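Q: One line per chain: the protein sequences are A and B, in this order. Positions in the first sequence are counted from 1; adding 779 to them yields the numbering used here. Positions in the second sequence are counted from 1; adding 121 to them yields the numbering used here.
These are computed hints drawn from the structure, not numbers from a lab. A few of these clues could be false.
[To be verified] Under the rule of at most 25 Å between Cα atoms (straight-line distance), these lysine to any residue pairs were calculated in the SDA-like manner:
(1) Lys1154(A) - Ala806(A)
(2) Lys1132(A) - Gly486(B)
(3) Lys517(B) - Gly486(B)
(4) Lys929(A) - Glu537(B)
(5) Lys990(A) - Arg343(B)
[Unchecked claim] Some chain A residues judged to face chain B by a derived CB distance under 10 Å, without partners named:
(6) Val826
(7) Glu869
(8) Thr939
(9) Gly955
(10) Pro968
(11) Phe996
(12) Glu997
(13) Gly1010
(14) Arg1028
(15) Gln1130
(16) Gln1134
These numbers come from a predicted model, not from an experiment. Yeah, the Cβ is synthetic: ideal placement off N, Cα and C, and Gly gets one too.
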Amino acid sequence: MGALPPNPRHIWKKKKIMRPETEAELADMIASASGPVCVRGGGTRGVNLNGAMLETGGLSGVTLYEPGSLTLVAQAGTPLVEIEAALDAEGQRLAFEPMDHRGLMGTSGAPTIGGVVAANVSGPRRVSVGACRDFMLGVRFVDGTGTIVKNGGRVMKNVTGYDLVKLMSGSWGTLGVLSEVSLKVLPKPETAACVMIDGLSDADAVRAMAKALGSPFEVSGAAHIPAGLDGHPVTMLRIEGFAGSVAYRADQIAGLFDDMAVRVDRDLEAVTKSWAWVRDVSAFHGAEGDVWRVSCTPSDAATLAAKIGADALLYDWGGGLIWARVTQGKDVRARLGEFDGHATLVRGTGQPKFQPNPAPIAALSRGLQQKFDPKGILNTGLMG
Amino acid sequence: MQMPQPDARVLSRKAQIVARLRDAIPADAVISDEMETRAYECDALTAYKCPPLAVVLPSTTKEVAAVLKVCHEMGVPVVPRGSGTSLAGGALPTADCVLLGVARMNDVLETDYDNRFIRVQTGRTNLSVTGAVEADGFFYAPDPSSQLACAIAGNIAMNSGGAHCLKYGVTTNNLMGVTMVQMDGTVMEIGGKHLDAGGYDLLGLICGSEGQLGVVTEATLRILPKPEGARPVLMGFDANEVAGACVADIIKAGVLPVAIEFMDRPCIEATEAFAKAGYPMCEALLIVEVEGSPAEIDEQLSLILEIARRHNPVELREAKDADEAGRIWLGRKSAFGAMGQINDYMCLDGTIPVSELPYVLRRIGEMSKEYGLDVANVFHAGDGNMHPLILFDANKEGDLELCEAFGADILRLCVEVGGCLTGEHGVGIEKRDLMVDQFAPADLEAQMAVKDVFDPAWLLNPAKVFPLAASESRRSVALAAE
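Using the sequences plus the hints, can you model the full thing?
A: Spelled out as structure tokens, the structure:
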């Protein structure tokens, strides 16, 4: 008989991992912290900074779910799978389609809803319905002094006071540690179809995606893969909704491109699978090199991508998002030069993760850090 | 509603301040004559009036920066103003302020259909943004009722919504970038023609900050392709509860209408008398609108009607053509005008969880009896954003105060059931002193800390949003530092 697996709690103690079970405990831990704290949910997005580890997994559970109000409130450490299962049971979903970083980052663990919000993780549907931050209704968090703050709430329209909910979304734990998040959810559509165009150049694909997104047929995903599974380029346009409507809109979209090699996939399961593949940037899984994520003006995408000199590319958001896999250490920001947008180093080291801000914005960002984390202990240095 | 004492030191230097402003920008863009500044003494919250020290009407971002620099150096508070349609007193001046109006800045700077955005100066009106792109099949989604008059600057300051935000979101969801001038005159670009600005979400922070963090002079707005068509259906029910349950069932069934509007009996009666839209006399009326091709609309409406029938409606009316659609919307769109015909009214804006609708309507009815003031309810039911209209007589001694007290009680009720004080109008001065009912001191402190960063001297629209007592120490520091 082999040795018993080690008790995880024991390991946390040994490594001095802080794992609060309540918001009050979280506040105490931060108030008494004297050195840097590395905040993490499931640890799947590859943030690994110096300092004592603070895991939010102990703050777990859906606290309120009202399908008729399209509202869900959960503690920040709640595993995403738990939230998705609860929504699925009522035929609803997180419409912003958060990506699962595990395959890309080579991490394990369970993504948490707090992690999704802290990193403002949005998938292909961002182009039509908005980002994670657009679905955020409220937050509770503990700032760097250990003070508990709430902002927003659980209702869909709320302009009462400043919108710290958006400030916290995408702040990567540097302004406070989320303890609870409140989200707008949406009905899951009955079915989906994917219009595919084969063989387009990157520039032609971006033009085709703009045409589809500019049509009234409500495209909910527009991606281009320069080298698809068979090695050839494919441009994908997703349509979702009730069956009759999807059939109609897929035909209309396909009709926009009847001078090209166009086909329509109407199998829900296949369509779901292929968009999960896009969402998780599966084409880059297991391949070596750094991974960059470039947010840009869609019509600039092909030109910008060419400047990068990538080993592999994937265009999402109609070209507004470029995923690039490059040789380790390549300075993608230097290659891009000045452009309307920003580049994030998702996988790799040697460069700042986030694009440095222009001076006035950097000054405001520093000011906010000094107010919300005056001790400078929360994920220090991660966001400039 | 109390406003802080004007700063005597500012008042006494009016001549120097005006002279420096006239040096900084074209002289005709500075108004200091007391007869003329009176035109800016209030916004749409007309119960409160105060002419500003001076009014400036800059034409460019550069001129805005020059004005703010002067005011910053001289310690003069600045109240920014879009079109002055705020129902919350967001653009109400103080006697010691320079009122900065963006009305002269109304150009379209760039239209880009491939990337689906329009860039405008923020004095442009909401409806004229759509007007600039609709011939090409596009529109700008947020549609506040005041859209004919209200400016994008005010929409951004208040994070305005509208009837169609159940599907398209509010201003913050449709704003891609801004040019903003800080109080010290620093000009910055935030966001742009791409999605999700880098770094902290400053765009999200600025949108809805009621002109307290900076003056937004240009905006990049998301535009959307116009749907092929839209069609409303009208339903009448014999109880608010039933209408509320019907709304929840429609949403649960997976249909996402672009609008679900709710009117109660007092509101139906008033609008019928005024607009004669032919509405059924019943307890609660819903207008549900869906979009798409004719076949898609049929598909969604048949599902919605099937759900409605399960709730035994007293009336179900489908629009067969544009004319009938227009008649269904007629009463709703004239509801506010209709109420104005009968009486003075105060329009509230609290949001509640949709599930609390029947309870809240019942409580409002009870309170209406206690206060002896009538209330009509008309609101966006899909997202729980209520607009109770309290009727009062402005000429009757004490009636305004009674109405305000009733309004405050309704808003406290909204907070009590898990909602908020304001869904789309903003806090301004109107709900400023109720903020303590929704937020703990630490919550307010965190918000005020943001203003400390953007406007350390607290000169931009300083007497708004936060209870005067809560912001006093910061505002008095600003005065002392001058």
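Q: The structure should be examined with respect to each hint, and the outcome stated for every one.
A: Results of checking the hints against the structure:
Proximity of Lys1154(A) to Ala806(A) is assessed by CA-CA distance (about 14 Å); at most 25 Å being required, the pair is judged to hold. Distance hint between Lys1132(A) and Gly486(B) is unfulfilled; the C-alpha atoms sit about 56 Å from each other, more than 25 Å. Our distance criterion of 25 Å between C-alpha atoms is met by Lys517(B) and Gly486(B), whose separation comes to about 22 Å. Annotation: proposed proximity of Lys929(A) to Glu537(B) holds, straight-line Cα distance about 15 Å (limit 25 Å).
Between Lys990(A) and Arg343(B) the alpha-carbon distance is near 16 Å, which keeps this suggested pair within the 25 Å criterion. Evaluation of the Val826(A) hint against chain B yields a violated restraint, the C-beta minimum of about 16 Å exceeding 10 Å. With its C-beta approaching chain B no nearer than about 7 Å, Glu869(A) sits inside the 10 Å limit, and its interface hint holds. Given hint, Thr939(A) at the interface with chain B, holds; its Cβ is 4 Å from that chain's nearest Cβ, closer than 10 Å.
Interface restraint check for Gly955(A): the shortest CB-CB distance to chain B comes to about 9 Å, inside 10 Å, so the restraint holds. Using the Cβ-Cβ criterion of 10 Å, the hint placing Pro968(A) at the interface with chain B is satisfied: the shortest such distance is roughly 7 Å. Interface hint status for Phe996(A): upheld, as the beta-carbon distance to the closest one in chain B is roughly 8 Å, under 10 Å. Interface restraint check: Glu997(A) against chain B, minimum CB-CB distance 8 Å, threshold 10 Å, status holds.
Contact between Gly1010(A) and chain B, as hinted, is not supported at the beta carbon level, the nearest pair being about 29 Å apart and thus beyond 10 Å. The restraint placing Arg1028(A) at the interface with chain B holds, with a minimum CB-CB distance near 8 Å, inside the 10 Å limit. Because the smallest distance between the Cβ of Gln1130(A) and any Cβ of chain B comes to about 14 Å, over 10 Å, the interface hint for this residue is violated. The beta carbon of Gln1134(A) comes within 5 Å of a beta carbon in chain B, closer than 10 Å, and the hint placing it at the interface holds.
Violated hints for the displayed structure, listed by number in ascending order: 2, 6, 13 and 15.
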